[in-house]
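Student: These are the residues of each chain, in order.
There are 2 protein chains.
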Amino acid sequence: MRIMVLGGDGFCGWPSSLHLSAVGHEVVIVDSLVRREIDDELGVLSLTPIAELPTRLTTWLERTGRRIGFEQVDVANEYDRLVALLDDVRPDAVVHFAEQRAAPYSMKSPAHKRYTMNNNVNATHNLLAAVTQLGLDTHIVHLGTMGVYGYESVPVDLPEGYLTVSYPDRNGDVRHREILYPTQPGSIYHLTKSLDQLLFQFYAANDDVRITDLHQGIVWGTQTAETAVDPLLINRFDYDGDYGTVLNRFLVEAAAGLPLTVHGTGGQTRAFININDTVRCVQLAVESGDEVRGRVRVMNQITETHQVAALADIVAGLTGAQVSQLWNPRREAEVNDLSARNDRFLDLGLDPILLQSNLLVAEIEMARDYAHRVDPAKVPAESYWNRDRAAVPEEVLE
Amino acid sequence: MRIMVLGGDGFCGWPSSLHLSAVGHEVVIVDSLVRREIDDELGVLSLTPIAELPTRLTTWLERTGRRIGFEQVDVANEYDRLVALLDDVRPDAVVHFAEQRAAPYSMKSPAHKRYTMNNNVNATHNLLAAVTQLGLDTHIVHLGTMGVYGYESVPVDLPEGYLTVSYPDRNGDVRHREILYPTQPGSIYHLTKSLDQLLFQFYAANDDVRITDLHQGIVWGTQTAETAVDPLLINRFDYDGDYGTVLNRFLVEAAAGLPLTVHGTGGQTRAFININDTVRCVQLAVESGDEVRGRVRVMNQITETHQVAALADIVAGLTGAQVSQLWNPRREAEVNDLSARNDRFLDLGLDPILLQSNLLVAEIEMARDYAHRVDPAKVPAESYWNRDRAAVPEEVLE
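Read top to bottom, the protein sequences are chains E and R. Each step along the first sequence adds one to the number in the numbering used here, with nothing skipped, and position 187 is 187. Each step along the second sequence adds one to the number in the numbering used here, with nothing skipped, and position 316 is 316.
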């Protein structure tokens, strides 16, 4: 298949592009490279030394004989170039990672809120408008987030996108209706993914665009079979307070001899997935595109759920690190339950890699290899969700 | 109260600004004046000859002694100016009309879709981010649309924003939850108002912003007590295929001796409100802002519902005009039921002006007064909802 990967230079986009190429698809990466600019803005480096994208692509070609194309296009702001490229490539599928993906970054300041909103909404909408304008039958596979469901405890195992609800009609009789699961996003970033859901619903209904929305959990891990082929293919590993997801942050803290920083009680339950499963899920989603007609297909791209404190205990147990509780900068439930269905990917053949595996030990070793690159000042989360949260209580500061 | 009216030069914004000023509030209009540029783009004029905004404001001051301020700011694109202005005025309420408001215009082309999406989302988000950044307790009153509920027949009287639904929990026990009524927008314009709902939900929950969202029906009528004070205060009256709402278009067609154009079967049921009730509702919403804390307050700003064919018959009966059925450019249900609650405004004291009133006759007379300004070529709807709709069947063209 011919596959265009928007945001193919990023943490999930890069290993997904390699994996799709490795299994024989024709891949074109479209990326503005803005994520590298954000590293500069934040004054932080990936723990792993990542090569420039042209070097990555040359290396991949040399090592595997497989060519991945690249076009530097800002999908949110260069509509005409996007249209021309889609018209030229006419992809069977577009995998859409081209959104600002860090919740703390999206809450850092009014400018960061506005950037995230503008970038993410326009990137998604431009893609939909372009595919519609060209009359392409391209299948769009979008990286969404489990966060659209919200992180309040709910009494159901989260379904995959839709919920059948009942309510009385005007005569008092009970009626049933299947609806998009009511969204409760907890940050501007998560909000943009909730908005994406409505954009998809509209374009699927009005223009018959074929769309799969992947509600992904928190990704852990770094390397995949393909990124490990050569050091110049290494994937990025973010450990900073904005882009570092919780488990990767713990691993770096342990490797650098720092305490593991748990924000709040650690009672927050989240869904997780290993990066190797991410790339396999993307492949499965793309290759099953023929089944997508009519309403948007939503799949929960997760393999397990854990409480944050339990994660810290696992890493502490493997490394001997201390655990340190910090003020929670987020406005969120301090404790929540979470369980979710992932039948769709299991049915498509996903064989999950769970946390209790050798991969976690390998991650710890890799973090130790690069521990000299850690800037401890960049680890703490410094984006506050609102005015009240920014007023850290004195007893926490002491 | 000090009230800022974003989009205060428009069809609803202008009479609302005058009305709020007339009843004693201190009003500042913020407007980019883009709506007048769109008249130029479409090559169409308001049926009524509207004065430039500075002339309108001078006239209002001369005739009533009341001063309305004006700042030309593009809310979607000039964030720093918006922040500075809000910081300077520190309004008790902001009435937010600053969005592209025509469904057909929003579907005209990819460029119009993208403009509507970008403009409306960023206008609303900039306002929310600015109020949050400044820590203002300002009450935001937003003009939404009944279209967020969708126009499929549903078995309930549409509630005001929220619906209590039931579903089984993981043990099979029935649980209840109040949710935002599931949205089914039928155009990019309506979609942006659905997105607005989620922006409001988030900022109310995360930053305690006080918000009222008015789900307005289709507005008919032109003049209000205040716009009628002087010919230089006259309100705009759009009859073109993009901005002319259905009843106003019928009135102009009758006045110009043209057949009344019904798109599709005319079985579409819609909710309506007279412009005089619009301005009173805005006043009632603003003045009851103290009750808005916590979740977003949603009020249906409508007074009655009618089928489009029935509206045509009413106008035909009063004027002797013919009725002509045309191809429907919209992808929508050709026939639907619609009934909706409007208890909130009735409770606040609204005494509805219904269609069967002398006001409709006055509107017909006004349309006749200005019939010489009608350009019949601009009346037909020429924005198609999608590729299939643009392929008008041959039997319709004959």
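Treat the hints loosely; a few may be bogus.
Any copy will do: because identical chains look the same in the list, a pair fits if it lies in one copy or spans two.
[Unchecked claim] Capping the alpha-carbon separation at 20 Å, the derived lysine to aspartate or glutamate pairs in DMTMM-like fashion look like this: (1) K108 with D351; (2) K378 with E291; (3) K108 with D80; (4) K108 with D207; (5) K108 with D208; (6) K108 with D388.
Just so you know, these hints were derived from the structure itself, not from any lab.
Student: Indicate, hint by hint, whether the structure satisfies it.
Tutor: Hints, verified against the model:
1. In this assembly of identical chains, K108 and D351 lie within 20 Å of each other by CA distance neither inside one copy nor across copies; the values are 37 Å within and 47 Å between.
2. For the identical chains of this complex, K378 and E291 are neighbours neither inside a copy (44 Å) nor across copies (43 Å), given an alpha-carbon limit of 20 Å.
3. Taking the shortest Cα distances, K108 and D80 sit within 20 Å of each other only across copies (17 Å), while inside one copy they are farther apart (31 Å).
4. For the identical chains of this complex, K108 and D207 are inter-copy neighbours only, at 14 Å across copies versus 36 Å inside a copy, given an alpha-carbon limit of 20 Å.
5. With identical chains, the CA atoms of K108 and D208 are at most 20 Å apart between copies only, with a shortest distance of 18 Å across copies and 37 Å within one.
6. In this homomeric assembly, K108 and D388 come within 20 Å of each other (Cα to Cα) only inside a single copy, at 14 Å, whereas the closest approach across copies is 44 Å.
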